[in-house]
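Spelled out, the chains give:
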Amino acid sequence: MTDLLPGIQTGLDLVGVFFFAVSGCLLAARRRFDIVGSLLLGSLVGLGGGIVRDLILDRGIPNAFAQPVYMLPPILAAGLVYFHVVRVERHRRSLLAFDAAGLALFCVTGTLKALEAGMGPAPATLLGVTTAVGGGVLRDVVANEVPQLFNPRGVYAVPALLGAGATALLAQAGWLGIPSGAAVAVAVFALRMLSLRFGWRVPLAARLPRGGPSATGTRRR
Amino acid sequence: MTDLLPGIQTGLDLVGVFFFAVSGCLLAARRRFDIVGSLLLGSLVGLGGGIVRDLILDRGIPNAFAQPVYMLPPILAAGLVYFHVVRVERHRRSLLAFDAAGLALFCVTGTLKALEAGMGPAPATLLGVTTAVGGGVLRDVVANEVPQLFNPRGVYAVPALLGAGATALLAQAGWLGIPSGAAVAVAVFALRMLSLRFGWRVPLAARLPRGGPSATGTRRR
Amino acid sequence: MTDLLPGIQTGLDLVGVFFFAVSGCLLAARRRFDIVGSLLLGSLVGLGGGIVRDLILDRGIPNAFAQPVYMLPPILAAGLVYFHVVRVERHRRSLLAFDAAGLALFCVTGTLKALEAGMGPAPATLLGVTTAVGGGVLRDVVANEVPQLFNPRGVYAVPALLGAGATALLAQAGWLGIPSGAAVAVAVFALRMLSLRFGWRVPLAARLPRGGPSATGTRRR
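Residue numbers (our numbering), protein chains in the order written: chain A, 74 to 294; chain B, 74 to 294; chain C, 74 to 294.
Hints were generated in silico from the structure; no laboratory data involved.
Everything numeric in this text was worked out from a predicted model, so none of it was measured.
Treat the hints with care, as some may be off.
What the hints assert, rightly or not - Computed footprint of chain C on chain B, listed as stretches where at least three residues anywhere in the stretch have a Cβ under 8 Å from a Cβ of chain C:
1) 93 to 104
2) 208 to 222
3) 227 to 241
Glycine residues also receive a C-beta, built at the ideal position from the N, C-alpha and C atoms.
If we strip away everything but chain A, and leave its shape as in the complex, we get:
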């Protein structure tokens, strides 16, 4: 179905784990958690989406626990943030960029894993989106913030959905390879970053709220 070799696929998965883990460690730094909290939050963000995906696919012990190599990216991420290799001072922008990179890779690799487990294109797309947004939602929920996913400034789920759908269609057509998969990931990343840069929005949940729903209780980053 695809010519992405297993080794390359695991490699991409690990890179995605690393990007998400950095976003978790940056949030830990912003919230002044300690280094162990940073490692744990990084692990949760990096590995959470994939664990949820593997639980839903119901194929034995999730990769994150079966293969200890998955612990390396969070350890690396916590170290880079600790030594300020990733610039903590501009944490908000960095956090969003690393989060976008994780989102871009995971909507491709998550959809692929689901297809390989025998899911049809529509469920595989949904599971790909779940994998891609799951880690970030866990990060924000555990740190007691409203998930980035629900921040109406910028689009978040839309690029992930388009990327997962494109991956499923390309795989269906037999056209999914390293170049096409990379192109999808780059497009998802670009769409997310451009939406943040230019403040693209989709319509609100309720059309023309005539002063009705109060914004009380809303907290945004």
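Please build the complex by placing chains B and C on the supplied structure of chain A, with the hints as guidance.
This is chains B and C only, laid out in the frame that chain A set:
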């Protein structure tokens, strides 16, 4: 064990998903999330309880991912809230009513699914309650609010527990059918709504708190 | 691999469930939830970590649902808190002590369960830590607080990690028995309590934050 046909059972499950999804989309509207956030929050509330149930039953890929028809109720719910078919202006009362309807249906269908998977009456009752309250807890946690479940005004888990227990007992006695199942759901819904209307309460977690536990940090809707 | 008899192991597991459940019921009392909320929060804390562990091990229905005896510790905990047998007035200190006791037992029993399921020492250690910290994170997340795990005052994950690692090494060496397992649990409990008493800390997530990361939005207990 039951004479609820599979088709009818799936139908009731989908109706329950729809009710819960509306409650999620109404919360999204109140918090001024966008339409995509509304769809995702609706999906999480509508499908979350059932996914947790299916993961615990450990019988392959959860229905919500295996059967794409489960995506329709959240899409419908997000559309109805967007076009104000469900009255968003009175969102709080609507939200609680739709939430109660989902609770009523899910404590019946969740218990049934657990019995069909071979669980005994006591574990099936517990899993039915978990299914019924799970989606709402996920909704409130992800939206960074204290779950409705813990709001001491009105009863929430008690009707779900009574409904799940009644379902298990009726099934055990061979009396569970469409009329009796519907009667249980209606009774759960009525009990929940009446408790909200008249402010019924159960005792607090600690008897006669003599000024001890401070209410600091408590946020209620 | 170990000479802890299954009955003793289940017994220790139930004691751990009880300790964590008390911490949940105490938090419910502090937040002025009602008695049903107390029972549910106690159940979530006590059983949540083990359910996550059993889902990840993918070995059928989690113990908490398969064996109704697991419901007894949360019921007992809710009763003891309701009748002030556990001193609710000094809830913060009590909560942290019961939480520490649960942490100490679960990092041993969780690691053991993972080893028995055939995991290697490194993944078993990780799953033991996940089991030990999982319930407490669920408690705090559901009650809309920043998890104790991320509170930089005192160490939390470090004793759990040391305890889980020691359990795995002892089992590997064939030295794990009731005395050695109990010694590990007591050491974990002591390390956690001493760290709270003397305010031991590990370094922050980012070295020497030169006024950069703002503490805005941080809430601590």
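We went through each hint and held it up to the structure:
1. Counting residues of the stretch 93 to 104 of chain B whose C-beta sits closer than 8 Å to any C-beta of chain C gives 0, which falls short of three, so the coverage hint is violated.
2. Taking a C-beta to C-beta cut-off of 8 Å, the stretch 208 to 222 of chain B contributes 7 residues in contact with chain C, enough for the three needed, and the coverage statement holds.
3. Counting residues of the stretch 227 to 241 of chain B whose beta-carbon sits less than 8 Å from any beta-carbon of chain C gives 4, enough to reach three: the coverage restraint holds.
Of the numbered hints listed earlier, the single one contradicted by the structure is hint 1.
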